[in-house]
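Protein chains: 2
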Amino acid sequence: MGKRIYNFNAGPAALPLTALKEIQEEILDFKGSGMSVLEVSHRSKWFDDVINEAIERTRRLLNLGDDFRVLFVQGGASLQFCMIPMNLSLDARPVDYINTGTWSTKAIKEAKIQGKDVREIGSSEERNFAYIPKDFQVDEDAAYLHFTSNNTIKGTQWAKFPHSGDIPLVCDMSSDIMSRAFDVRPFGLIYAGAQKNIGPSGTAMVIIREDMLERVPDYLPTMLKYTTFAEKGSMFNTPACFVIYTINLVLKWLEETIGGMENMERINREKGAIIYDFIDQSDFYVGTADKDSRSLMNVTFRLPDEELEKKFVEEALKEGLGGLKGHRSVGGCRASIYNATGLEAVRALVEFMGEFQRKQG
Amino acid sequence: MGKRIYNFNAGPAALPLTALKEIQEEILDFKGSGMSVLEVSHRSKWFDDVINEAIERTRRLLNLGDDFRVLFVQGGASLQFCMIPMNLSLDARPVDYINTGTWSTKAIKEAKIQGKDVREIGSSEERNFAYIPKDFQVDEDAAYLHFTSNNTIKGTQWAKFPHSGDIPLVCDMSSDIMSRAFDVRPFGLIYAGAQKNIGPSGTAMVIIREDMLERVPDYLPTMLKYTTFAEKGSMFNTPACFVIYTINLVLKWLEETIGGMENMERINREKGAIIYDFIDQSDFYVGTADKDSRSLMNVTFRLPDEELEKKFVEEALKEGLGGLKGHRSVGGCRASIYNATGLEAVRALVEFMGEFQRKQG
Numbered sequence: 003m004g005k006r007i008y009n010f011n012a013g014p015a016a017l018p019l020t021a022l023k024e025i026q027e028e029i030l031d032f033k034g035s036g037m038s039v040l041e042v043s044h045r046s047k048w049f050d051d052v053i054n055e056a057i058e059r060t061r062r063l064l065n066l067g068d069d070f071r072v073l074f075v076q077g078g079a080s081l082q083f084c085m086i087p088m089n090l091s092l093d094a095r096p097v098d099y100i101n102t103g104t105w106s107t108k109a110i111k112e113a114k115i116q117g118k119d120v121r122e123i124g125s126s127e128e129r130n131f132a133y134i135p136k137d138f139q140v141d142e143d144a145a146y147l148h149f150t151s152n153n154t155i156k157g158t159q160w161a162k163f164p165h166s167g168d169i170p171l172v173c174d175m176s177s178d179i180m181s182r183a184f185d186v187r188p189f190g191l192i193y194a195g196a197q198k199n200i201g202p203s204g205t206a207m208v209i210i211r212e213d214m215l216e217r218v219p220d221y222l223p224t225m226l227k228y229t230t231f232a233e234k235g236s237m238f239n240t241p242a243c244f245v246i247y248t249i250n251l252v253l254k255w256l257e258e259t260i261g262g263m264e265n266m267e268r269i270n271r272e273k274g275a276i277i278y279d280f281i282d283q284s285d286f287y288v289g290t291a292d293k294d295s296r297s298l299m300n301v302t303f304r305l306p307d308e309e310l311e312k313k314f315v316e317e318a319l320k321e322g323l324g325g326l327k328g329h330r331s332v333g334g335c336r337a338s339i340y341n342a343t344g345l346e347a348v349r350a351l352v353e354f355m356g357e358f359q360r361k362q363g
Numbered sequence: 003m004g005k006r007i008y009n010f011n012a013g014p015a016a017l018p019l020t021a022l023k024e025i026q027e028e029i030l031d032f033k034g035s036g037m038s039v040l041e042v043s044h045r046s047k048w049f050d051d052v053i054n055e056a057i058e059r060t061r062r063l064l065n066l067g068d069d070f071r072v073l074f075v076q077g078g079a080s081l082q083f084c085m086i087p088m089n090l091s092l093d094a095r096p097v098d099y100i101n102t103g104t105w106s107t108k109a110i111k112e113a114k115i116q117g118k119d120v121r122e123i124g125s126s127e128e129r130n131f132a133y134i135p136k137d138f139q140v141d142e143d144a145a146y147l148h149f150t151s152n153n154t155i156k157g158t159q160w161a162k163f164p165h166s167g168d169i170p171l172v173c174d175m176s177s178d179i180m181s182r183a184f185d186v187r188p189f190g191l192i193y194a195g196a197q198k199n200i201g202p203s204g205t206a207m208v209i210i211r212e213d214m215l216e217r218v219p220d221y222l223p224t225m226l227k228y229t230t231f232a233e234k235g236s237m238f239n240t241p242a243c244f245v246i247y248t249i250n251l252v253l254k255w256l257e258e259t260i261g262g263m264e265n266m267e268r269i270n271r272e273k274g275a276i277i278y279d280f281i282d283q284s285d286f287y288v289g290t291a292d293k294d295s296r297s298l299m300n301v302t303f304r305l306p307d308e309e310l311e312k313k314f315v316e317e318a319l320k321e322g323l324g325g326l327k328g329h330r331s332v333g334g335c336r337a338s339i340y341n342a343t344g345l346e347a348v349r350a351l352v353e354f355m356g357e358f359q360r361k362q363g
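If you read the protein sequences in the order shown, they are chains H and C. Per the numbering used here, the first sequence starts with residue 3, numbered consecutively. Per the numbering used here, the second sequence starts with residue 3, numbered consecutively.
Keep in mind that a hint or two might mislead.
Because identical chains share one entry, a pair is satisfied inside a single copy or across any pair of copies.
[To be verified] Using 20 Å as the maximum straight-line C-alpha spacing, the simulated PhoX-like pairs for lysine-lysine come out as follows: (1) Lys162 - Lys33; (2) Lys227 - Lys254; (3) Lys114 - Lys227; (4) Lys23 - Lys33; (5) Lys162 - Lys136; (6) Lys227 - Lys293; (7) Lys361 - Lys108; (8) Lys254 - Lys33; (9) Lys254 - Lys162; (10) Lys234 - Lys111; (11) Lys108 - Lys234; (12) Lys47 - Lys320; (13) Lys293 - Lys320; (14) Lys47 - Lys312; (15) Lys5 - Lys254; (16) Lys33 - Lys227; (17) Lys313 - Lys361; (18) Lys320 - Lys23; (19) Lys313 - Lys47; (20) Lys320 - Lys33; (21) Lys33 - Lys111; (22) Lys33 - Lys5.
Rather than coming from a laboratory, the hints here were simulated on the basis of the structure. These numbers were taken from a predicted model, which means no experiment stands behind them.
Can you make the complete structure from the sequences, with help from the hints?
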């Protein structure tokens, strides 16, 4: 085995080494079954234990009440963009969206494709999504308010979630789920592609409040109804077993090694402080997001010119720091520091940034 | 590591041991990237190589012409049941289906949910799907003819595919894709959940002829259009990277160890002959499918009574033969002998069946 790098990928992203080692140990013989975890039936006791454990860990970590269900739906957050208006929009009611970047824009587009009464009640598009909007008015009769809690590409994050009164919040938490403690009760639905904070790519986690299930129209295709997944425990058909298995190992690490959401949040705040404090004292690196809207998951920054940015990314990789290129749509640099990218990695990055700057004279 | 069992699971099912060992070796450091295959970006050179190799291997193994595209779509065959009529039905044209069991029935149901003009032109339901229908008339103006090439639950398989003239065939090959050589040209679309013959659960492989892409209506949600997957090389959003990676390892085994489809078919025929010949000379075990409709992938059989069937499954497991219980909807016994379940496993099974019979006196 070669040396493992510090992984700052935006997703798929770093996973806890303990989880990877468990996979390695169990890949030929899962729990004495004589089969790989890739080969056991999804209807077996072995897999039942896996999916139930993943659900129970999610319940404990997020402090979910009995009125929340935890589902696993393939197709990533992108399929959720269309399932949400399809399932939750209620006839003739407006659906409110706040636009904070690429992913919100896609979510809005999918609601419009379905001919819903989409209202973009807030947006930071006029400043290239460099901040989280503060002034917006939720429609009194909105079916839901949709927002994206963390914006991987623009490097912004909601520090406090929007208030919407009785209107249920619907949130794409793909890039910051399980990164901090929060109150789930105002949320009708939370969804997250697994491949950033909780596992490999191949499934979305959907946390849905039971009253939302009553909204699901009967006429929808079976595989596009949240009720199908809720009634069958995400096993109407064969789920993405290995992905769920790995999610469970990541959640185990969160509970047993990290010690839960409060600890994880504290570590993430410390990581963010180290790198943002460094950027703020530098006149070489410039953060792209407004200070009050900065993401603790994706730190986006620029160097004096694009040539230097390219050199920065290349030299970082040589030093064992990978994934620092900004998203192809915006350029610049980006350090994604999800849960599994630890303090050590962030310290190594800041050290490299200092050295790189000095070398440029 | 404990002893690996002979795995007769219906899916998720046995995978080639060579593929599992490659996963084990690469799980902490993929191709010198310093990252797990679970952690590399889907936009990286590393993953590009994986998905392109999987597609090229599929092209070679199935002898696909340039007019066929190979796609990876999450959601299993069950999501395909709804995507097919949604994408390919053409306004006001009938869609023809042949009903050979549980999975065909589900495919038909999803087309009906969408209000399509569904015509069930053939069915073996009146004899509990124990055979493949021979007499049916394809509608001249049908948009497609859908059938299920192998029926995992009922243990039947199309020995020769239906003739439909110019009407494109659409086929659920979930349980026998890559098990035999065949001519793809009459097929407009072939789909297969990966978890039986080509990989773990978590993606469907979709092989689509380019003229079918012209049928896709503009108004569909982005993630439900085949054109989205075709135009973006199955990477409009993050695909199920690990599942595709494992599929590529299984296809590599098919090409390099087995030596292609003709060899695989020969081995599968030999496996089928061993077990069916044994059943036919026995008055203790009784096959449930008509002889001319028997599946080479799922061998379904009964014992004299349910008590003995239960005992058979339990004692087999003690002897290291797993997964022999019939589907919960039909009972009895079932040996799924997909590609990765080799001759040795089938010989061990037949030996056990002989011993078990003798012990009952």
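Each hint, compared with the structure:
Neither within a single protomer nor between protomers do lysine 162 and lysine 33 lie at most 20 Å apart by alpha-carbon distance, with minima of 42 Å and 41 Å respectively. With identical chains, the CA atoms of lysine 227 and lysine 254 are never at most 20 Å apart, being 29 Å at best within one copy and 37 Å at best between copies. In this assembly of identical chains, the alpha carbons of lysine 114 and lysine 227 lie at most 20 Å apart whether taken from the same copy (19 Å) or from different copies (16 Å). In this assembly of identical chains, lysine 23 and lysine 33 lie within 20 Å of each other by CA distance both inside one copy and across copies; the values are 15 Å within and 17 Å between.
Taking CA atoms no more than 20 Å apart as the test, lysine 162 paired with lysine 136 passes inside one copy only; the shortest distance there is 10 Å, against 64 Å between copies. For the homomeric pair lysine 227 and lysine 293, neither the shortest alpha-carbon distance inside one copy (40 Å) nor that between copies (40 Å) is at most 20 Å. Taking the shortest alpha-carbon separations for lysine 361 and lysine 108, neither the intra-copy value of 41 Å nor the inter-copy value of 65 Å comes in at or below 20 Å. Taking the shortest Cα distances, lysine 254 and lysine 33 sit within 20 Å of each other inside one copy (16 Å), while across copies they are farther apart (28 Å).
Within a single copy, lysine 254 and lysine 162 get their C-alpha atoms no closer than 27 Å, and across copies no closer than 49 Å, so neither meets the 20 Å cut-off. Taking the shortest alpha-carbon separations for lysine 234 and lysine 111, only the inter-copy value of 18 Å comes in at or below 20 Å, while the best intra-copy value is 30 Å. Within a single copy, lysine 108 and lysine 234 get their C-alpha atoms only as close as 29 Å, which misses the 20 Å cut-off; across copies the closest is 16 Å, which meets it. Within a single copy, lysine 47 and lysine 320 get their C-alpha atoms only as close as 46 Å, which misses the 20 Å cut-off; across copies the closest is 17 Å, which meets it.
Taking identical chains as interchangeable, the C-alpha atoms of lysine 293 and lysine 320 are never at most 20 Å apart, the minima being 31 Å within one chain and 63 Å between chains. In this homomeric assembly, lysine 47 and lysine 312 come within 20 Å of each other (Cα to Cα) only across copies, at 17 Å, whereas the closest approach inside a single copy is 51 Å. For the identical chains of this complex, lysine 5 and lysine 254 are neighbours neither inside a copy (25 Å) nor across copies (27 Å), given an alpha-carbon limit of 20 Å. Taking CA atoms no more than 20 Å apart as the test, lysine 33 paired with lysine 227 passes in neither setting, with 33 Å inside one copy and 40 Å between copies.
In this assembly of identical chains, lysine 313 and lysine 361 lie within 20 Å of each other by CA distance solely inside one copy; the values are 12 Å within and 74 Å between copies. For a Cα distance limit of 20 Å, the shortest separation of lysine 320 from lysine 23 qualifies neither inside one copy, at 25 Å, nor across copies, at 29 Å. In the homo-oligomer, the alpha carbons of lysine 313 and lysine 47 lie at most 20 Å apart only across protomers (19 Å), although the nearest pairing inside one protomer, at 52 Å, exceeds that limit. In the homo-oligomer, the alpha carbons of lysine 320 and lysine 33 lie at most 20 Å apart only across protomers (16 Å), although the nearest pairing inside one protomer, at 39 Å, exceeds that limit.
In this assembly of identical chains, the alpha carbons of lysine 33 and lysine 111 never lie at most 20 Å apart, being 45 Å within a copy and 38 Å across copies at closest. In the homo-oligomer, the alpha carbons of lysine 33 and lysine 5 lie at most 20 Å apart only across protomers (12 Å), although the nearest pairing inside one protomer, at 29 Å, exceeds that limit.
In terms of the numbered hints stated before, the structure departs from hints 1, 2, 6, 7, 9, 13, 15, 16, 18, 21, listed from lowest to highest.
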